[in-house]
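Peer 1: Residue numbers (numbering that gives the first Met the number 0), protein chains in the order written: chain A, 0 to 312; chain B, 0 to 278.
If you are wondering where the hints come from, they were derived from the structure by calculation, not from laboratory data. Wrong hints could be hidden among the right ones.
[Stated by the list, open to error] Here chain B is said to cover these stretches of chain A; the calculated rule only asks that three of the stretch's residues, wherever they fall, bring their Cβ under 8 angstroms from a Cβ of chain B:
#	stretch
1	41-52
2	142-154
[Unchecked claim] Quick look at which bits of chain B chain A covers, simulated, 3 or more residues with Cβ under 8 angstroms:
#	stretch
3	118-128
4	156-166
[As the list claims (entries may be wrong)] Keeping only pairs whose Cα atoms sit at most 30 angstroms apart, straight-line, the calculated DSSO-like set for lysine-lysine is:
#	chain 1	residue 1	chain 2	residue 2
5	A	Lys44	B	Lys57
6	B	Lys4	A	Lys151
7	B	Lys167	A	Lys44
8	B	Lys107	A	Lys157
9	A	Lys157	A	Lys44
10	B	Lys230	B	Lys134
11	A	Lys157	B	Lys138
12	B	Lys107	B	Lys256
13	B	Lys107	B	Lys134
14	A	Lys157	A	Lys147
15	A	Lys157	A	Lys184
16	B	Lys57	A	Lys151
17	B	Lys230	A	Lys151
18	A	Lys157	B	Lys134
19	B	Lys57	A	Lys157
20	A	Lys294	A	Lys280
21	B	Lys138	A	Lys151
22	A	Lys44	B	Lys230
23	A	Lys6	A	Lys184
24	A	Lys238	A	Lys151
25	A	Lys184	B	Lys107
26	B	Lys134	A	Lys44
Quick caveat, the model's predicted, so the values are computed rather than measured. Just so you know, even glycine gets a beta-carbon here, dropped at the ideal spot from N, CA and C.
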Amino acid sequence: MAEIVKKATRESFGETLVELGRDNQDIVVLVADLADATKVENFGKAYPDRFIECGIAEGNMVGVAAGLASCGKIPFATSFAMFSAGRAFEQVRNSVGYPHLNVKIVGSHAGISVGEDGATHQCCEDIALMRSIPGMVVLNPADHYEMKAAVKAAVEYKGPVYLRLGRLAVESCNNNDDYSFEIGKGITLREGSDITVIATGLMVGEAIKAVDSLAAQGINARLIDMHTVKPLDQELVIKAAKETGHIVTVEEHNIIGGLGEAVAACLCENCPAPLTRMGVKDVFGHSGPAVDLLKEFGLCAEGIEETVKKILK
Amino acid sequence: MDAEKRQSLALKAAKVRAGIIEGVYNAKSGHPGGSLSSADIFTYLYFEKLNIDPQDPKCPERDRFVLSKGHCAPGLYAALALRGYFSPDELKKLRHIGAMLQGHPDMKGTPGVDMSTGSLGQGISAAVGMALAAKMDGKGYKVYCLLGDGEIQEGQVWEAIMFAAHHKLDNLCLILDHNGLQIDGDVEKVAGLEPIDEKLRSFGCEVAVADGHDFESLETAFNAARECSCKPFAIIARTTKGKGVSFMENQAGWHGKAPNAEQYQKAMDELNSAIAALA
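Could you put together the complete structure from these sequences and hints?
Peer 2: Structure representation (structure tokens):
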């Protein structure tokens, strides 16, 4: 086991890009006046010729990225999720998704954990928007360790990818030596037969705490880290449903259109099983410290533990 | 430009126009008005300007063309077919199920199409990205992008122009098909744009005005673009919507409507006479 480190996924995203940019000259980074916040500033310092400041014009940034990709570049178009996935949705759909260009759309500051900025900046719809685009891969890594692997995989994969970054520092949870990341393959972090918790992104760390606490109380919950929301690892979901019955999904996203619905569709079509979706329950967020907000919305270890207990009662 | 070349281009343009009518009529839908107004521009680009090879449509060194006003695909397709990218028979299958030629350009399905376009204001950004890629790679290819005048009401167009000017993309040439009409009517009445030349200049472009139906005028403008350095170049091409088909000329109603059998016949008669006179 590697050392447990507390770090935001946006940090390792920035670091990994600098690392990969050294050998891969095709990687270019586009940013819309948020170089520091999206942690690509160091890429700009290391490779100024491959760093494109677009100013506050996200639609144009995505289109420019499409043009660059059509000429062989691997562009990372970065902004807050609200703007890269939200504001520029149509550009992502028509200029990147439809021609299946090799553009990586990066949405940082996703979910309610942006905190104090409030509802206008708390994008809880990005996964829904991006997964609705045909051919779009949607990655939502859990910790800095997984983010590093996800960025590498995104570079190797030829086609459009949406990569979701968090702003909040979180403890590493995927630090096993045998860890292997593959797009479309979920990772079973805890074996268990009583129930299955499927978490994605920042919720994986909280889910680990919840599942470990439940284990201490004699409840054996299986835990799956679903870093790829699309394509969903259907095989793993079906197996869990068959072996454990009830499934709980946990995401820092609206329960509409995100992981929960992806899992629901998979279950309904393949292996009907009871499902409980934890997430932002179709409401807007509001200002407040990130950790307090997550607690308020039940998106914390205690909330997950409580939900599982209620289901198994 | 000598008379012979002028006539040869005029003949090709008349054939492009016939291809447009053929396509839109058989599709029973589509956009003849703007396709016809751009027909001479397509012809000039594909037969005089672009450094391209229909045998090697993806050649990395080729000049790029982006049809930002993607609804004028029938004009682009007719020019590509005439230039040898695919059989002219494809034009008759425009917009049909399973056809190579989609209602709006699809770079994955049609040889010679450099960018999928259709949502107005988006093609220009991709063209800018291509021009930037050429600069980053030290390559000499040029990027041409055709926009509609109504299209420049989209804010993204101006984001893209500011970006291109900021990055001194002198390998980018914008062509504005300025026919003065959009779906809802007169562009100036819908949401006025004038003075377009001053706007383009103030956003950092070098600007030339041309008669979009006169090859000599187009050539003068494009040559000026070649000499321009450190700035993107924009050509405001004054055109007539529906040009070449008498009853479609200057009629906003022909923006996105297919002719019926009788209208088709009349249009083809006019265009075939033009072709016969030029051949």
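Peer 1: Next step is simple, just say for each hint if it's right about the structure.
Peer 2: Hints, one by one, checked against the model:
Coverage of the stretch 41-52 of chain A by chain B holds. Counting CB-CB distances below 8 angstroms, 3 residues qualify, and the rule asks for three or more. Counting residues of the stretch 142-154 of chain A whose CB lies closer than 8 angstroms to any CB of chain B gives 0, which falls below the minimum of 3, so the coverage claim is violated. By the rule of at least three residues with a Cβ nearer than 8 angstroms to a Cβ of chain A, the coverage given for the stretch 118-128 of chain B holds, with 10 such residues. For a cut-off of 8 angstroms, the count of residues in the stretch 156-166 of chain B with a CB near a CB of chain A stands at 5, and the three-residue condition holds.
Pair hint A/Lys44 plus B/Lys57 does not hold up; C-alpha atoms about 33 angstroms apart against a cutoff of 30 angstroms. A hinted pair counts as satisfied when its Cα atoms are at most 30 angstroms apart, and B/Lys4 with A/Lys151 does not qualify at roughly 54 angstroms. At roughly 21 angstroms between alpha-carbon atoms, B/Lys167 and A/Lys44 fall within 30 angstroms of each other, so this suggested pair holds. The straight-line distance between the Cα atoms of B/Lys107 and A/Lys157 is roughly 15 angstroms, inside the 30 angstroms bound, and the hint therefore holds.
Restraint check: the Cα-Cα separation between A/Lys157 and A/Lys44 comes to about 26 angstroms, which is no more than 30 angstroms; the hinted pair holds. For the given pair, B/Lys230 sits about 13 angstroms from B/Lys134 by alpha-carbon distance, which is consistent with the 30 angstroms threshold. In summary, the hint linking A/Lys157 to B/Lys138 is supported, as the alpha carbons are separated by about 23 angstroms, within the 30 angstroms threshold. Of the pairs offered as hints, the one joining B/Lys107 and B/Lys256 holds, with about 26 angstroms between alpha carbons and a cut-off of 30 angstroms not exceeded.
Of the pairs offered as hints, the one joining B/Lys107 and B/Lys134 holds, with about 25 angstroms between alpha carbons and a cut-off of 30 angstroms not exceeded. Our distance criterion of 30 angstroms between C-alpha atoms is met by A/Lys157 and A/Lys147, whose separation comes to about 18 angstroms. The straight-line distance between the Cα atoms of A/Lys157 and A/Lys184 is roughly 17 angstroms, inside the 30 angstroms bound, and the hint therefore holds. For the given pair, B/Lys57 sits about 28 angstroms from A/Lys151 by alpha-carbon distance, which is consistent with the 30 angstroms threshold.
This hinted pair does not check out: B/Lys230 and A/Lys151 have alpha carbons roughly 37 angstroms apart, beyond 30 angstroms. Distance restraint check for A/Lys157 and B/Lys134: the Cα-Cα separation of roughly 23 angstroms lies within the 30 angstroms cut-off, and the hinted pair is therefore satisfied. Proximity of B/Lys57 to A/Lys157 is assessed by CA-CA distance (about 17 angstroms); at most 30 angstroms being required, the pair is judged to hold. This hinted pair checks out: A/Lys294 and A/Lys280 have alpha carbons roughly 14 angstroms apart, not beyond 30 angstroms.
Of the supplied pair hints, the one linking B/Lys138 and A/Lys151 holds, its CA atoms being roughly 28 angstroms apart against a limit of 30 angstroms. Pair hint A/Lys44 plus B/Lys230 holds up; C-alpha atoms about 26 angstroms apart against a cutoff of 30 angstroms. Of the pairs offered as hints, the one joining A/Lys6 and A/Lys184 holds, with about 24 angstroms between alpha carbons and a cut-off of 30 angstroms not exceeded. Taking the CA atoms of A/Lys238 and A/Lys151, the gap is near 28 angstroms; set against the 30 angstroms cutoff, the hint holds.
Proposed proximity of A/Lys184 and B/Lys107 is supported: the alpha carbons are some 28 angstroms apart, at most 30 angstroms. This hinted pair checks out: B/Lys134 and A/Lys44 have alpha carbons roughly 20 angstroms apart, not beyond 30 angstroms.
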